[in-house]
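Colleague: Here's the letter readout for the chains.
Protein chains: 2
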Amino acid sequence: MEFSEHIKTANVEDVVLRQPLQPPARGTLCVTGHHLLFSDREECASRQVLLLIRNIDAIEKSVENLSVYSAQFSKAGCGERPPDLSLQDQWGISSPEQHYKQTKELHNSWRLSSVNRDYSVCPSYPQTVIVPKNIDDDVLKKSAKFRQGGRFPVLCYYHRKNGAVIMRSSQPLTGANRKRCWEDEQLLHAVIEGSDKGYIIDTRSSQQAQQNRMAGGGFESKSSYSRWKRLHRQMERGKALQESLIKLVEALGDASHNMDRWLSKLDNSKWLSHVQMALLTAGLLAECVERDGHSVLVHGSEGTDCSLLISTLAQLIMDPCCRSLEGFLALLEREWVQAGHPFQQRCGHSAYSHTRPQQESPVFLLLLDCVWQLWNQFPLALGFSEALLLRLATEAYASDYGTFLCNNHQERWALAVTENTHCLFQALLRPREREYYSNSLHEHTELAIWPSVHPQSLQLWKGFFLRWTQQGRQLQEAQEEIRTMVMTLGKLALS
Amino acid sequence: MEFSEHIKTANVEDVVLRQPLQPPARGTLCVTGHHLLFSDREECASRQVLLLIRNIDAIEKSVENLSVYSAQFSKAGCGERPPDLSLQDQWGISSPEQHYKQTKELHNSWRLSSVNRDYSVCPSYPQTVIVPKNIDDDVLKKSAKFRQGGRFPVLCYYHRKNGAVIMRSSQPLTGANRKRCWEDEQLLHAVIEGSDKGYIIDTRSSQQAQQNRMAGGGFESKSSYSRWKRLHRQMERGKALQESLIKLVEALGDASHNMDRWLSKLDNSKWLSHVQMALLTAGLLAECVERDGHSVLVHGSEGTDCSLLISTLAQLIMDPCCRSLEGFLALLEREWVQAGHPFQQRCGHSAYSHTRPQQESPVFLLLLDCVWQLWNQFPLALGFSEALLLRLATEAYASDYGTFLCNNHQERWALAVTENTHCLFQALLRPREREYYSNSLHEHTELAIWPSVHPQSLQLWKGFFLRWTQQGRQLQEAQEEIRTMVMTLGKLALS
Numbered sequence: 039m040e041f042s043e044h045i046k047t048a049n050v051e052d053v054v055l056r057q058p059l060q061p062p063a064r065g066t067l068c069v070t071g072h073h074l075l076f077s078d079r080e081e082c083a084s085r086q087v088l089l090l091i092r093n094i095d096a097i098e099k100s101v102e103n104l105s106v107y108s109a110q111f112s113k114a115g116c117g118e119r120p121p122d123l124s125l126q127d128q129w130g131i132s133s134p135e136q137h138y139k140q141t142k143e144l145h146n147s148w149r150l151s152s153v154n155r156d157y158s159v160c161p162s163y164p165q166t167v168i169v170p171k172n173i174d175d176d177v178l179k180k181s182a183k184f185r186q187g188g189r190f191p192v193l194c195y196y197h198r199k200n201g202a203v204i205m206r207s208s209q210p211l212t213g214a215n216r217k218r219c220w221e222d223e224q225l226l227h228a229v230i231e232g233s234d235k236g237y238i239i240d241t242r243s244s245q246q247a248q249q250n251r252m253a254g255g256g257f258e259s260k261s262s263y264s265r266w267k268r269l270h271r272q273m274e275r276g277k278a279l280q281e282s283l284i285k286l287v288e289a290l291g292d293a294s295h296n297m298d299r300w301l302s303k304l305d306n307s308k309w310l311s312h313v314q315m316a317l318l319t320a321g322l323l324a325e326c327v328e329r330d331g332h333s334v335l336v337h338g339s340e341g342t343d344c345s346l347l348i349s350t351l352a353q354l355i356m357d358p359c360c361r362s363l364e365g366f367l368a369l370l371e372r373e374w375v376q377a378g379h380p381f382q383q384r385c386g387h388s389a390y391s392h393t394r395p396q397q398e399s400p401v402f403l404l405l406l407d408c409v410w411q412l413w414n415q416f417p418l419a420l421g422f423s424e425a426l427l428l429r430l431a432t433e434a435y436a437s438d439y440g441t442f443l444c445n446n447h448q449e450r451w452a453l454a455v456t457e458n459t460h461c462l463f464q465a466l467l468r469p470r471e472r473e474y475y476s477n478s479l480h481e482h483t484e485l486a487i488w489p490s491v492h493p494q495s496l497q498l499w500k501g502f503f504l505r506w507t508q509q510g511r512q513l514q515e516a517q518e519e520i521r522t523m524v525m526t527l528g529k530l531a532l533s
Numbered sequence: 039m040e041f042s043e044h045i046k047t048a049n050v051e052d053v054v055l056r057q058p059l060q061p062p063a064r065g066t067l068c069v070t071g072h073h074l075l076f077s078d079r080e081e082c083a084s085r086q087v088l089l090l091i092r093n094i095d096a097i098e099k100s101v102e103n104l105s106v107y108s109a110q111f112s113k114a115g116c117g118e119r120p121p122d123l124s125l126q127d128q129w130g131i132s133s134p135e136q137h138y139k140q141t142k143e144l145h146n147s148w149r150l151s152s153v154n155r156d157y158s159v160c161p162s163y164p165q166t167v168i169v170p171k172n173i174d175d176d177v178l179k180k181s182a183k184f185r186q187g188g189r190f191p192v193l194c195y196y197h198r199k200n201g202a203v204i205m206r207s208s209q210p211l212t213g214a215n216r217k218r219c220w221e222d223e224q225l226l227h228a229v230i231e232g233s234d235k236g237y238i239i240d241t242r243s244s245q246q247a248q249q250n251r252m253a254g255g256g257f258e259s260k261s262s263y264s265r266w267k268r269l270h271r272q273m274e275r276g277k278a279l280q281e282s283l284i285k286l287v288e289a290l291g292d293a294s295h296n297m298d299r300w301l302s303k304l305d306n307s308k309w310l311s312h313v314q315m316a317l318l319t320a321g322l323l324a325e326c327v328e329r330d331g332h333s334v335l336v337h338g339s340e341g342t343d344c345s346l347l348i349s350t351l352a353q354l355i356m357d358p359c360c361r362s363l364e365g366f367l368a369l370l371e372r373e374w375v376q377a378g379h380p381f382q383q384r385c386g387h388s389a390y391s392h393t394r395p396q397q398e399s400p401v402f403l404l405l406l407d408c409v410w411q412l413w414n415q416f417p418l419a420l421g422f423s424e425a426l427l428l429r430l431a432t433e434a435y436a437s438d439y440g441t442f443l444c445n446n447h448q449e450r451w452a453l454a455v456t457e458n459t460h461c462l463f464q465a466l467l468r469p470r471e472r473e474y475y476s477n478s479l480h481e482h483t484e485l486a487i488w489p490s491v492h493p494q495s496l497q498l499w500k501g502f503f504l505r506w507t508q509q510g511r512q513l514q515e516a517q518e519e520i521r522t523m524v525m526t527l528g529k530l531a532l533s
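Just so you know, the sequences run in chain order D and W. Take the position in the first sequence, starting the count at 1, then add 38; the result is the number in this note's numbering. Take the position in the second sequence, starting the count at 1, then add 38; the result is the number in this note's numbering.
It is worth saying that the hints were derived from the structure and are not from the lab.
No distinction is drawn between identical chains; accordingly, a pair holds when it is met within one copy or between any pair of copies.
The calculated DSSO-like cross-link candidates involving lysine-lysine, where the alpha carbons are at most 30 Å apart (straight line), are:
hint, residue 1, residue 2
1, K285, K500
2, K303, K500
3, K277, K303
4, K303, K285
With the rest of the complex left out, here is chain D:
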C-alpha cells in the first residue's frame, strides 16, 4: 500500500505555521504522496513551505496547533532551487585521476588502478584508486577479499615535505584462526619500502579489535606485519555517537535555566569528548606523518566512518592546500563522497527524529564540529567561513543537490545521480557563493595548525547547536558585517 493511499484528508484549512525567529502564519496545509505543502493566505509576500515527507523527523499531536519541531524544517522548506546551474555541467570538482595528476611527486612510486572499474572488487570504492606502483591488480583483488567490504588499503594523502603517506582501509578478516593474506602483507610492505617502519592507527581499542577478530574481523598482527607498529585509539561511532548527539540536543532543549544541570547534561552527552578524541587521534596521525615522517594506515572496522574523520582532519592540520575553500570541498569529495561514507544510512534523519534507524550516526556532523574547532582556534588559517560548515551540516540532512545522496559511488552510478542532480560543491564555488563562504580574514600559512585538545580549549559549536536562537542570529549578523566590510575594502582597493 502506497503512502498516498493512507491520506484521508489531503487539505486542511486554517493551519498555523510556527517557525523559529519568524512570526506565525495562517494558511492551508496540503499532504501529497511525497510532499507536505503549506501556503499562507497573504496575497503579497506569501510564504510557501514545501517539505519532502521522508525528511520529516517527528510529528507531535497537539490539541491546539500542529507544531513541527524539526530543526531542519525551515531550512528544508526554504531550500533554494539551483537556478543558474545546468545538468550538463561537469559533476564534482575533483576525481582520483585529477588528484593523482596534480600530485606529481606520486608518479615515481604510485599508480592509478582501475581494478574497481565495475565496482566488483569493492562496492564502496570509486572506480579508480591510488596504490603502490609495483603492486598489480591481482594483488589488490586478493587483498580486497581479505578486507571487510573489500576495502583494501589505498592512498588518500601524500605529504610532499617528506614523502610519507596516509593510507586507509577496513579491518583485515583474520578471524579467530589468525588467517594471513600474503598479498595484503605485500601491499602494505610496498607502502613503506625504503623506510624502516610504518604505523597503523586502529580507531578501536585493542579489546574491541580482539572482539572483532572473534567475529571474523581482526587486525594486523605483529608477526605478519612486522614493520608496522599498531596504535589503538578508541573512537565512538555508530549508535553510541547518535545517542551522544540525541543527549546533547535534549540538553540544549532544557529550558530550566539551571547552570549545574546544563553542564552536567553537556558532560553526560559526551559529545565534546568525541570531538576531543577525534582531534586527538587526528593529531597523532598528523604527528606520525609530519613530524616523524612515517607512513600511516588508518582503519577501524568498516573503514567508512572514523577512518575518514581522522584522515580528513589530519590533512587539514598538515596541508595548507586543503584549507582553501576549494581545497576543503575537494577534500570532502575525496574523503567522504568518493571514499564511500554511507551518507544515506548515516544522515537519514536528524537528532530530533523519533525513529532511530540502526545505521544512523552523525559522523559527518562530528567532522564539521571538529573543523569548526580548528576554525575557532585558528581564525586566520582556514579559507572558508563558519557559514560553509553550517551549510554543509544542513545539506547532509536535507538537500536540493545530489552530492550527499546514496551511500557510495556505485549506488550513485546506478541511479544516474550525476546526470539527474546538481553538484553541491560546484554550486558552492560559483562567484557569489565563493565570496559568501570564504573566510574574510584568511591568511595563507604553510605551517601545520596543531589544534589544542585541552578540554578547556574545546567549545560547544554554538553557531550550529544554537542556530535557531536569537544568539545564533546575532552571530550571523556579525559575520555578515565583517563580510560586507571586506567586500567594500576589496572594491575600494580596486577603484
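Assemble chain W onto chain D, guided by the hints.
Modeller: This is chain W only, laid out in the frame that chain D set:
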C-alpha cells in the same frame, strides 16, 4: 622592621626568566625594598622587568630555577609608562556634576547635593551626589545614619524614555528591633512621587537579609515602606566569589586532558552560575525600569559590590549612551570608582595568590566577564572591543595608573592620587588607544539589548581565562586583523 632590612642578597646573577609565550632569558635579578628587577644580558633588544613587590602573588621554591607563575607577572613587568600624559591634565572623564548637567531631564525633580563635601556623611561616596529635589541635606544626613557605612539612597541612572530611575544604597540598619527612620522613608517616598510604586532589588536572599537584621542590618519592611515592593535575588560576593574564581583557575590549570573532569570542575567552580545570576538580576532590574517604567532601589548589605555590578549591567542593557567606548568608561568611573567599590581591598592579588585576604573578591572581574557575555551575544551593539575588557581586567590588579588605587574618593583625596598619578580612562581615550579599543563592527542601536541567560548561551571567557595560551594569541591575531582591515577601510574611504 622594614622589608628592605630583610634582604640578605640584593643581587643574583645567572637567573633564568621564564614567561609564557616567550623564550627564556638569562640575566640578573635584583631585589629592592619595593621592587623586583630583572635585566637580561643581551646588549641590544634587552629585556627588563620591573615588578612592584606588593603585586607578587606567590613565590615557589624550586631547586633548579626561580619560577614565577603569576599571570600578572609579564603584564606588570612590561607595563607602559604613560609618555604623552601630563600630570597637569584633567583627572577623570566624568564627575557627578557633569553627569547631572548632561542629563537635563533630571533638573525638574532632582538636585545635586554637596552634603558629603568633607566625606563625613558617607566616607565611601563622592563629594557630590544626585538626590530628589525636595529632600534637603538634613534628611540625607539622617538617612545616612540609618544606612550601613552612611550609604544613603542616591540616584545612579535616569531613564529618559519614561523617567524611571535606578537608585542605590546600602542596607538600612533596622536591626532586631525593627527600628524605623522617618527621613529615610521620606527620601525613598520622594523618589516615586507621582508613581504608584517602586521596586527594591535586594541582592541577598530573604533569609540572608533576615540574618543581617539580627546582626544590626536589615531591609525595608512592607509596613514602613508600603509603596515599595521588595524582590530578593541571592548573589554571591566576597569570599564565596573569590573561592569560585580560585576553583576555576585551578580547573583551567588541570592538564589531565580529561573532558569529564574539566566540565565537572568548571561546574563545581560555579563561576558561570555567578555570571548567569548577575545577568539575570541585571535583566530583572532593566525590565522593571525599561519595560514597566518603575523606579528601583538596589542594595545588598554594604552596597559596594553586587549593587554596582547589576546597576552597571542594567545601564548597558538599556542605555545606548553607555555602550560607546567613552560612555562605558564614564559608566565605570561613576558606578565603580566614584561609587566607592573598594578596589584596593578587592583586587589586591589575583587568583594565583597563596595569601587570601578576607576582603579579596573578584566582583569587578565578574562585571567584566558579564560585559563580555553581552559583547559575545551582541557583537555589534557595544562600541568597545574585547581588548578593552582584557586591559581593564589587568589594570584592576596591577596598574601604572591611579584610577584603581585606594578604596574610595576620600582615600584618593587624602593621598592626592589625582595630582600624583595619571588617569587610566583618559589614557584609553587618546587617539591611538581609542582606535585600538573601539569595536570595529559597532553599529549604534537605540534598542535595549536583552542578554540570554540560558546556561547554554553563556560561555567561558576564553580571551581572559586562556589568554596565556597559544589559543589566546590566535584570537588576538584575528582581532588585530579585523582592526587593521577597518583602519585601512577608513583610510581608503577618506582618500
